[in-house]
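Asks: Whenever a hint applies, use it, and build me the whole structure from the sequences.
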Amino acid sequence: QQEYQVGPCVGIDAGDQLFMSRYILQRICEEFQVYCTFHPKPIVDGDWNGAGMHTNVSTKAMREEGGLEVIKKAIYKLAAKHQEHIAVYGTGNELRLTGKHETASIDQFSFGVANRGASVR
1 QQEYQVGPCV GIDAGDQLFM SRYILQRICE EFQVYCTFHP KPIVDGDWNG AGMHTNVSTK
61 AMREEGGLEV IKKAIYKLAA KHQEHIAVYG TGNELRLTGK HETASIDQFS FGVANRGASV
121 R
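Using this note's numbering, count along the sequence shown one by one with no gaps and you end on 121.
No lab work stands behind these hints: they were computed from the structure. Any given hint could turn out to be false.
Computed spacing ranges between beta-carbons, pair by pair [said to hold, decoys possible]:
#	residue 1	residue 2	range
1	V44	V88	18 to 24 Å
2	L25	Y89	18 to 24 Å
3	W48	I28	22 to 28 Å
4	D47	D13	35 to 41 Å
Cβ coordinates follow ideal geometry from the N, Cα and C atoms, glycine included.
Replies: Shown next, in the form of structure tokens:
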């Protein structure tokens with residue numbers, strides 16, 4: 001399991017950068033005859049957390065005085081649409097988002113500061 005970063009990106013450019021980075025990764029793997037997958041839990045045997053993508057997001061208002069309230073408002077908006085977001089998040093995430101191994105449950109939205117098991121931290 002490996003991790004790499006893309007960005008910083010502004011707005012919709014993040015999606016373009018993500019897909020280009022995945023394309024480049026796949027071409028490099030081809031060159032070295034290595035198989036890579038973006039499946040959230042490619043090996044289902046065993047007791048481990050799988051692999052997911054996380055995103056760091058902030059706005060100018062979130063970084064200014066009173067920013068914590070702006071962050072909370074954004075989190076509440078995410079919480080209200082949790083099931084809608086999970087429905088389009090991709091296949092196989094029910095194998096990874098179990099509520100164990102520093103993951104949130106796929107069925108329940110959660111947030112917290114320095115909480116590695118939260119949906120948003």
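Asks: Verify the CB-CB distance for L25 and Y89 against the hinted window 18 to 24 Å.
Replies: 20 Å, holds
Asks: At the C-beta level, are V44 and V88 separated by a distance inside 18 to 24 Å?
Replies: At roughly 22 Å between Cβ atoms, V88 and V44 fall inside 18 to 24 Å, so the hint holds.
Asks: Given a hint of 22 to 28 Å, does the C-beta separation of W48 and I28 actually sit inside it?
Replies: At 25 Å between Cβs, range holds.
Asks: Holds or violated: the 35 to 41 Å window for the beta-carbon distance between D47 and D13?
Replies: Once the Cβ atoms are compared, 38 Å apart, the range 35 to 41 Å for D13 and D47 holds.
Of the hints listed earlier, there is not a single one the structure fails to meet.
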